[in-house]
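Student: For reference, the chains in residue letters:
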Amino acid sequence: GAVVSQHPSWVICKSGTSVKIECRSLDFQATTMFWYRQFPKQSLMLMATSNEGSKATYEQGVEKDKFLINHASLTLSTLTVTSAHPEDSSFYICSARVRSLYNEQFFGPGTRLTVL
Amino acid sequence: KQEVTQIPAALSVPEGENLVLNCSFTDSAIYNLQWFRQDPGKGLTSLLLIQSSQREQTSGRLNASLDKSSGRSTLYIAASQPGDSATYLCAGAGGYGNKLVFGAGTILRVKS
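Listed in order, the protein sequences are those of chains B and V. If you read the first sequence in our numbering, its first letter stands for residue 6, the second for the next number, and so on. If you read the second sequence in our numbering, its first letter stands for residue 10, the second for the next number, and so on.
Among these hints, one or two may not hold up.
No more than 25 angstroms apart at the CA atoms, straight line, and that leaves these computed lysine-lysine pairs for DSS-like [to be verified]:
hint: 1; chain 1: V; residue 1: K120; chain 2: B; residue 2: K71
hint: 2; chain 1: B; residue 1: K60; chain 2: B; residue 2: K71
hint: 3; chain 1: B; residue 1: K25; chain 2: V; residue 2: K108
hint: 4; chain 1: V; residue 1: K120; chain 2: B; residue 2: K69
hint: 5; chain 1: V; residue 1: K108; chain 2: B; residue 2: K69
hint: 6; chain 1: V; residue 1: K120; chain 2: B; residue 2: K60
hint: 7; chain 1: V; residue 1: K10; chain 2: B; residue 2: K60
hint: 8; chain 1: B; residue 1: K25; chain 2: V; residue 2: K120
hint: 9; chain 1: B; residue 1: K19; chain 2: V; residue 2: K51
hint: 10; chain 1: V; residue 1: K77; chain 2: B; residue 2: K46
hint: 11; chain 1: V; residue 1: K10; chain 2: B; residue 2: K46
hint: 12; chain 1: B; residue 1: K19; chain 2: B; residue 2: K71
hint: 13; chain 1: B; residue 1: K25; chain 2: B; residue 2: K71
hint: 14; chain 1: V; residue 1: K108; chain 2: B; residue 2: K46
hint: 15; chain 1: V; residue 1: K108; chain 2: V; residue 2: K10
hint: 16; chain 1: B; residue 1: K46; chain 2: V; residue 2: K120
hint: 17; chain 1: B; residue 1: K19; chain 2: B; residue 2: K69
A few chain B residues that don't get close to chain V, going by computed Cβ distances all over 12 angstroms [claimed, not checked]:
hint: 18; residue: C18
hint: 19; residue: T37
hint: 20; residue: K60
hint: 21; residue: L73
hint: 22; residue: A77
hint: 23; residue: S88
hint: 24; residue: R117
If you're looking for bench data, these hints aren't it; they were derived computationally from the structure. Note that beta-carbon positions come from the ideal geometry of N, C-alpha and C, so glycine has one too.
Please build the complete structure, drawing on both the sequences and the hints.
Tutor: Pasting the structure below:
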């Protein structure tokens with residue numbers, strides 16, 4: 006149980022285009038999902054917290070107009086990188102929190118974004 | 010603000026050796042602490058989660074401990090195998106499991 010999927014697993018796009026990444030909880034409902042970014046050989050940095058039915062909460066330094074987050078249902082959150090530039094190239098990972106005694110987060114397999 | 014540090018940054022051991030990975034955190038008001046494994050180019054696999062009220066958790070050859078008073082957690086791997094080679098990350102969660110703060114990770118290589 007507690008499986009999280011991401012789509013696509015990798016994407017290559019031209020500078021200036023927008024890219025949408027989907028995060029799905031497959032076998033549970035997640036009222037809260039999180040989006041992280043990981044640069045090569047670095048750890049994960051939280052970008053934003055996504056709550057179903059409300060606006061996402063962004064971490065300091067993360068541009069909300071650049072990284073659009075939509076949490077339309079209890080099983081789906083999307084991250085759209087708008088007008089992507091080469092510096093947006095990174096590994097994006099989502100997680101979904103299981104509402105339980107432990108409030109554990111389960112992570113998706115990640116999406117590798119390369120902007121040319 | 011929570012900060013998480015992991016030592017060592019990299020570790021190379023022969024197969025069969027027992028080993029300890031260290032994690033320290035600055036804010037003792039921690040909700041839980043999780044240990045993850047990450048293979049190159051992949052997402053995170055949750056290994057163990059320790060609630061703030063717990064001292065340790067065990068799963069197979071893995072044992073994780075938590076000492077809030079000293080701000081430390083350790084991951085003990087018994088009888089290491091080449092398949093254990095990966096990056097190990099620890100992360101501390103704030104209130105209600107929100108805002109996981111990750112350490113930089115320990116890159117483990119188990120040589121056959």
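Student: Hints first: check each against the structure and report whether it holds.
Tutor: Do the hints match the structure? See the list:
{"no.": "1", "hint": "V:K120 with B:K71", "result": "violated (43 angstroms)"}
{"no.": "2", "hint": "B:K60 with B:K71", "result": "holds (15 angstroms)"}
{"no.": "3", "hint": "B:K25 with V:K108", "result": "holds (23 angstroms)"}
{"no.": "4", "hint": "V:K120 with B:K69", "result": "violated (44 angstroms)"}
{"no.": "5", "hint": "V:K108 with B:K69", "result": "holds (18 angstroms)"}
{"no.": "6", "hint": "V:K120 with B:K60", "result": "violated (48 angstroms)"}
{"no.": "7", "hint": "V:K10 with B:K60", "result": "holds (24 angstroms)"}
{"no.": "8", "hint": "B:K25 with V:K120", "result": "violated (40 angstroms)"}
{"no.": "9", "hint": "B:K19 with V:K51", "result": "holds (24 angstroms)"}
{"no.": "10", "hint": "V:K77 with B:K46", "result": "violated (28 angstroms)"}
{"no.": "11", "hint": "V:K10 with B:K46", "result": "holds (23 angstroms)"}
{"no.": "12", "hint": "B:K19 with B:K71", "result": "holds (16 angstroms)"}
{"no.": "13", "hint": "B:K25 with B:K71", "result": "holds (12 angstroms)"}
{"no.": "14", "hint": "V:K108 with B:K46", "result": "holds (21 angstroms)"}
{"no.": "15", "hint": "V:K108 with V:K10", "result": "holds (11 angstroms)"}
{"no.": "16", "hint": "B:K46 with V:K120", "result": "holds (21 angstroms)"}
{"no.": "17", "hint": "B:K19 with B:K69", "result": "holds (21 angstroms)"}
{"no.": "18", "hint": "C18", "result": "holds (19 angstroms)"}
{"no.": "19", "hint": "T37", "result": "violated (8 angstroms)"}
{"no.": "20", "hint": "K60", "result": "holds (16 angstroms)"}
{"no.": "21", "hint": "L73", "result": "holds (21 angstroms)"}
{"no.": "22", "hint": "A77", "result": "holds (21 angstroms)"}
{"no.": "23", "hint": "S88", "result": "holds (26 angstroms)"}
{"no.": "24", "hint": "R117", "result": "violated (7 angstroms)"}
In this structure, the hints that do not hold are numbers 1, 4, 6, 8, 10, 19, 24, in rising order.
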